[in-house]
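Given the sequences, and given the hints that come with them, work out the whole structure.
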Amino acid sequence: MGGGGAGLVVRDLSVGYGPVRALREVSLEVPEGAVVTVLGGNGAGKSTLLRAVSRTLAFHGGTVTGGTVSLGDRRLDGLPPDRVVAAGVCQVPEGRQVFARMTVADNLRAGTFGSSGGRTARAAALRRVHELFPVLAERAQQHAGLLSGGEQQMLAVGRALMAAPKVLLLDEPSLGLAPLMAERIADTVREINDQGTSVLLVEQNAAIALRLADRAYVLEVGEVTLSGPAGELAASDEVRRRYLGVVDEDAAADASSARGTAPALSRWEG
Amino acid sequence: MTTFAELLLNGISLGSVYALIALGFVVIFRATEVVNFAHASLLLAGGYVTAVLHEDIGFWPALLVGIAGAAAVGAAVEFLVMRRYRGADHSVLAIVTIGVDILLTTELTRRIGTDVLALGDPWGDAVLTLGPISLAHTRIAAFVAAGLLITAFLLVFRYTSWGVAMRAAAESAETAALMGVRLGRVSLGAWAVAGGLAAVAALFLTVFPTPGLERATSLAALKAFPAAILGGLDSTTGALVGGLLIGITESLATGYQSDLAFLGRGLGDLAPYLVMIAVLLVRPAGLFGTKELARV
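Protein sequences appear in the order of chains A and B. Once you know that position 260 of the first sequence is 260 in my numbering, the rest is easy, because the numbers rise by one and skip nothing. Once you know that position 278 of the second sequence is 1278 in my numbering, the rest is easy, because the numbers rise by one and skip nothing.
It should be emphasised that the hints constitute simulated quantities derived from the structure, not laboratory data.
Reference listing, derived: stretches of chain A covered by chain B, where coverage requires no fewer than 3 residues with Cβ under 8 Å from a Cβ of chain B:
#1 49-62
#2 85-96
#3 99-105
From the three backbone atoms N, C-alpha and C, an ideal C-beta is built for every residue, glycine too.
The structure is reproduced here in structure tokens:
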């Protein structure tokens, strides 16, 4: 699948936090140039999956107990976090996590430490980030902690792009943002992908995620329960009901008939 | 009035030396969030190397070796001890540094014994007289050297990649790691820099009017601890201001001791801690310690 290029492949990955199993034999694939989304509720293991790929589980007391992660034919499991970034996989952490006490410019500079490119590559990356997010150029000397939530998210994405990654891992980029700003971030993700960066997007906002993605996986209690092309999943009843908040007609009919036959409810309606 | 000016200048000079030590504390704390109680022993190690070597290879080479030696000891402590505890609670790590301090200090005091070692500095006991004020050359050298080092350090911290990596790691180790910052290197660098700064401080804590390097030098080094704390443990500016404040306080308290005889002797040694407590009562995070600067 994906032509076997430099896709990100996760195979039978199991992760535990001490005795707690967070992921069970999860397999997924991000083909080169694709946007893949992982849906799931709180505690489904979405962030754990990203941490396992970016090798930062240790900060949370987690360990990989089985399975492999590879980029193309390069194994990523077993590498320290900085080598994963150097290999071309960079994560935008959940909740933005910009360096609040540092200026916007220094934040972006911090994004270049994992980059394997030289000075010209870094300058090109900075130009690209400034084109995507002109506001970051305007506020270069401001402290990142004083940016708005949306701007901080832009900075977090821009900072990750400074390493010029082949695969961008996004952990809940729309979290805590106003709907309009969430849409803008979504547009940017599309643009970044058009420029050739593969994206693994973890989202609770399934409507946005399914629209962006080529392929989607549904994670529940640490296991992949559904996967397929994003369009198909978006059309499936289960996903619509559970993640899109859409009630299909049969279910709606069930509900109304249930109301009709349940006399106890009339008390509340009256 | 003359006495006051003299005491003040001496205090500033002494304070700049304390600031050097406090800066080391702050650097390690920012990079690793560990309070390094082993700092005084790094200082003693640097001073000891300089003292032992200066007769054979001359003062300046000996000083350089001393600085490099203390940096190497710092790096070794990080690499051999602290790194093994990575992921452990920071308070556990702080206690580990107490253990390291006891080991290092015991070995060094065993070597120093009851001797008072000269460091062979070129300033001797020369005194500069400016009108009514007289100031030891060593005090001027201390002020100039500390000023230069601190300026250089702040520039590096502000503008170089190492500085950016360090500040990023100080804010969030995990996020820094996600960006490809090598935390091990940052922490190794911090310990080495702190060791080097401590070695320079060791020189100026042991030159005239102090008799020389002895066991008790590490106690003098501990006075930089209140300096770092009252400045705010995570602030480089705080280390400088804290250092100066402690230096001046100590100098004045010692100088006017006779006027304060009702308080008993040894006020100079006590004053830094009193100042620290007074400051912390008003500002628990220290003068320049971080209050969260964030929009949620």
